[in-house]
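Engineer: Sequence:
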Amino acid sequence: MKPLGFCKKALVFILSLAFCYTIGLIASFFTQKSVGVWYPSLEKPFWNPPNIAFPIVWTILYTMIGISLWKIICEPKAYKIKVALAFLIQILLNFTWPFSFFYLQSPMIGLFNILLLLLSIIWNIKMFWPYSKVASKLLVPYFFWVVYATSLNISIWYLN
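Read in numbering that gives the first Met the number 0, the sequence shown has 42 at position 43, and its numbers run on one by one without any break.
Be aware that a few hints might be false.
Derived lysine-lysine pairs resembling DSS-like cross-links, with alpha carbons at most 27 Å apart [as the list claims (entries may be wrong)]: (1) Lys132 / Lys8; (2) Lys43 / Lys79; (3) Lys136 / Lys8; (4) Lys8 / Lys43; (5) Lys136 / Lys43; (6) Lys81 / Lys32; (7) Lys32 / Lys125; (8) Lys132 / Lys32; (9) Lys136 / Lys7; (10) Lys32 / Lys136; (11) Lys136 / Lys79; (12) Lys132 / Lys81; (13) Lys79 / Lys132; (14) Lys79 / Lys32; (15) Lys43 / Lys32; (16) Lys7 / Lys81; (17) Lys76 / Lys136; (18) Lys76 / Lys7; (19) Lys136 / Lys125; (20) Lys125 / Lys43; (21) Lys81 / Lys43; (22) Lys76 / Lys32.
No lab work stands behind these hints, which were simulated from the structure alone.
Because the structure is a prediction, the values reported are computed rather than measured.
Can you make the complete structure from the sequences, with help from the hints?
Structural biologist: Here is the structure:
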């Protein structure tokens with residue numbers, strides 16, 4: 000496959016970001032009801048950040064995930080089914096965690112989901128590495144944030 004031209008790269012950039020932001024936006028709808036009533040009633044660990052931190056961090060992370068996706072799409076030799084599958088599984092698990100944790104109000108189901116998400120992020124980083132080291136490295140902060148979120152999820156499950 001030949002490299003994309005500037006205009007196509009720009010369009011793919013916009014679409015990659017829009018896709019990731021849309022995933023985040025739709026997923027956030029699952030949290031709205033629970034954040035107001037259920038989540039504040041839970042026992043949380045002392046390292047739980049203020050609620051305002053989450054949309055800020057996730058906006059930054061979705062930007063990095065979108066740029067990572069863009070780098071891979073624009074890489075001519077990266078059109079492989081396994082690479083696309085790794086990304087799609089990871090973004091699907093990312094999308095379903097707020098549903099399982101907040102909407103279902105189930106820290107246990109959320110924990111199962113987020114552990115699968117962690118594994119899928121590792122797989123995604125590994126799959127992107129041969130094609131774009133930058134795309135792969137852009138996912139590392141996402142991985143560490145999800146490790147942190149996993150520790151919160153485990154603690155909330157244990158405390159409640």
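Engineer: Enumerate the violated hints, using their earlier numbering and listing them in ascending order.
Structural biologist: Checked against the structure, the hints that fail are numbers 2, 4, 5, 6, 7, 8, 10, 14, 20, 21, 22, while the rest are satisfied.
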